[in-house]
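Use the sequences and the hints to build the structure in full.
Heads up: the sequence lines are chains F and G, in that order. Note that the UniProt record's numbering has the first sequence beginning at 1, numbered continuously upward. Note that the UniProt record's numbering has the second sequence beginning at 1, numbered continuously upward.
Derived from the structure by calculation, the hints contain no laboratory data. Just so you know, even glycine gets a beta-carbon here, dropped at the ideal spot from N, CA and C. Only true hints are included.
Within a straight-line C-alpha distance of at most 20 Å, the following computed SDA-like cross-link-like pairs (lysine to any residue) qualify: (1) F/Lys274 with F/Glu361; (2) G/Lys147 with F/Arg173; (3) F/Lys160 with F/Glu183; (4) G/Lys260 with F/Arg204; (5) G/Lys260 with F/Arg203; (6) F/Lys106 with G/Asn258; (7) G/Lys191 with F/Arg177; (8) F/Lys211 with G/Gly249; (9) F/Lys95 with G/Glu256; (10) F/Lys166 with G/Val155; (11) G/Lys260 with F/Asn193; (12) F/Lys166 with F/Ala195; (13) G/Lys191 with F/Ala186; (14) G/Lys191 with F/Glu183.
Some residues of chain F that are not near chain G, with every Cβ distance over 12 Å (derived): (15) Glu305; (16) Lys312; (17) Gln321.
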Amino acid sequence: MNNSTPKNPMSEVERLELASKLDQELDEFINTLPKRQQEAPIPFDRWEEEIANHPFFMKEAPEPGDQLHPLYEGLQKLKYDPDENEPEELATAYKDDGNFNFKHKKYRMAIISYTEGINIKCGNVDIDASLSSLIDAEAALKLKPDYDKVLVRAANCCFKVENYEKAVEFCDRILERNKDDKETLALRKNSINQAKIKERDRRRRAVAANKLKKEEETIVEEIIKRGIKIEGGRENLTLSKLEPQFPELFNSRVSIGGNGGLVWPVILFYPEYKIMDYIQQFDEQNTFMEQLLHVFSDYPEWDEEKKYKAEKLNVYFENGQRENVKVDVNQTLLEILKLDSYIVREGTPKFIVLVANSKVEKLFLESS
Amino acid sequence: MTDSVEELIKFIQIGARLDLKAVALEHILGLTGSESGIATLIQHQILLVSLIALLDDSHFPTAKDSSLCLVNISANEKAAERLIDLEIPTNCPPLQSPPDNIVNTVLKFIFDPESKIADPCCMILSNLTRPSHLFETVIDGIQKSGKSFDEIISVFTKKQYNRVGANLHYLGPVLSNLSQSGRVRRYILDKNKCVVQRLLPFTEYRESLVRRGGVVGTLKNCCFESDFHDWLLSEEVDILPRFLLPLAGNEEFDEEDNDKLPLDLQYLPDNKIREEDPDIRCMLLEGLTQLCSKRHNREFIRDKNTYVILRELHKWEKDRKALLACENLVDILIRVEEEIGADNLKEIEVPEHLHEGFKKADEEFLK
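Right, dumping it as structure tokens:
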């Protein structure tokens, strides 16, 4: 079909008119968008802290449980959102994560990533169709074993469902009679190569799993070596019995720190305000005082009366008889945990923190 | 002695009484146990022809004993020559049709999936192909037999070709011996077919030293064809990991090292063990050394982090010959190309006086 009248090219005036009209429409559109809150400028002394939390300037990956910068959360959502990503992309993203974590010796995270990736149902229509084709092909071959066309089909199906060994077998059957069939030779070569990749990936996961297992065994060994009392006893102690039950500490189970010592998740409970602090990593070599100085480097938000200063606090724990025992804050976590009277429950040492000589403290000690 | 041998010959005719045949064969088998015995036996061409004919005997123990006699006889170089040069028609015992020549005969049984003497026949063929002045003649014989090398490799690499328990492992040394010949090598290295690729998986075949050694020997010989190096190292064949994997142990490497290695060698498990036979380790190292002749292949092999595998091998290796081979290879790999200054190591001319010195140094080391 032909256009009857060719349009006249736009004149300069018309062009400028159109441009300004478009500009106006764009402005009007922008004005209809919800206004973003103007955020207060960040004070200079907190600038460094803010920058360190910005996804672009982070020096370390955030630990699970850390508060996340909204941009980071946004990026995460984008990366892992199943609606935003094709299953293949998603699976690849997880695989890449796995590799990244493996490189940085975070074996637990590596395994989690790899597993997520594998579980993503590719919903690959190809695979379902290939499987049924393969079954048909095998049936046909039972009747006529040298039916070339079917052999080719079978070989390709095997490749698609990643059964590379069988794919090579079928290729060899074809090559028996068509020794220089280029396509079959190529398929055979590709199958062998894919099989190598698959095997390598399997071995890598096994190495990660093995390392994880060794790590876990070492942790249990170290706990027993130190003579730390565990609720339920030290017989048949497994790491699963030391999983923290508080969501905030889910990923902070006791581990081995950089210096070879244990690092524990610890809870500080403040009866005065019925609030808890979740400390994800309390190195056993740190003293309580050091930890308190860190936690209370600033007055916490809930500390309305600004009383909670490290030097002014007393720390207690509950022993087996439900009695409160005072902690010498100049001792290390390890020394406290080793006390006969201390029992670790749910893999999470818990301590009670009160302002020294306060009314609350008095009441608390009397009631227990 | 000759009289008694002639007596024996009478009893091993195809139509002879079963019990006499058996006893006669027993005696002959005994004779094949010694050099002098063999020397006597091979003076009687009729006896040799009879033995070949008996391979077809319907009574299995007879065929089996006969095959064992021939295995022992063929192990002797002079006797092997006799077997190959045998003039069958003129030396055939009376009243039976002459058997085919030894090469055709053993091939027949090797290719028969129902033959219970396929394995001894492989051994006979292996013996016949070993002497350096004989294998070209055997190759001619194979080519005339109508069976191709392709088919021999096919039968060798099929999972369970023989259905009555023969494993055909000795076709490994057969191939290794045959690959001493350029025409067989070029046949194996056919770029348009899948021949050498079939052999590759057997470099890690734990169940049989004979098979494994034969395959490695064959591959090593193939590495003497420098024109094929590029193709061998390419994805089409990917021979490098096949040589390296048996030399690798269970030592752990870090991320960086692992990533550079060929896929087959990444993240090897705890239970990985090295090739236990030092001769095979030597052959693997020799093959690798051959592949390093050309500069761009040297660089390729170097880039694949071959050095770390050899480094760990060197710490573990106790056999002197293998240690020397390992050191020679490492030498080539760790040297900077400017030092080597040659594109093809095989084209360098070693001055005569240095040649003697190198030879002496090697010999001293091996003492």
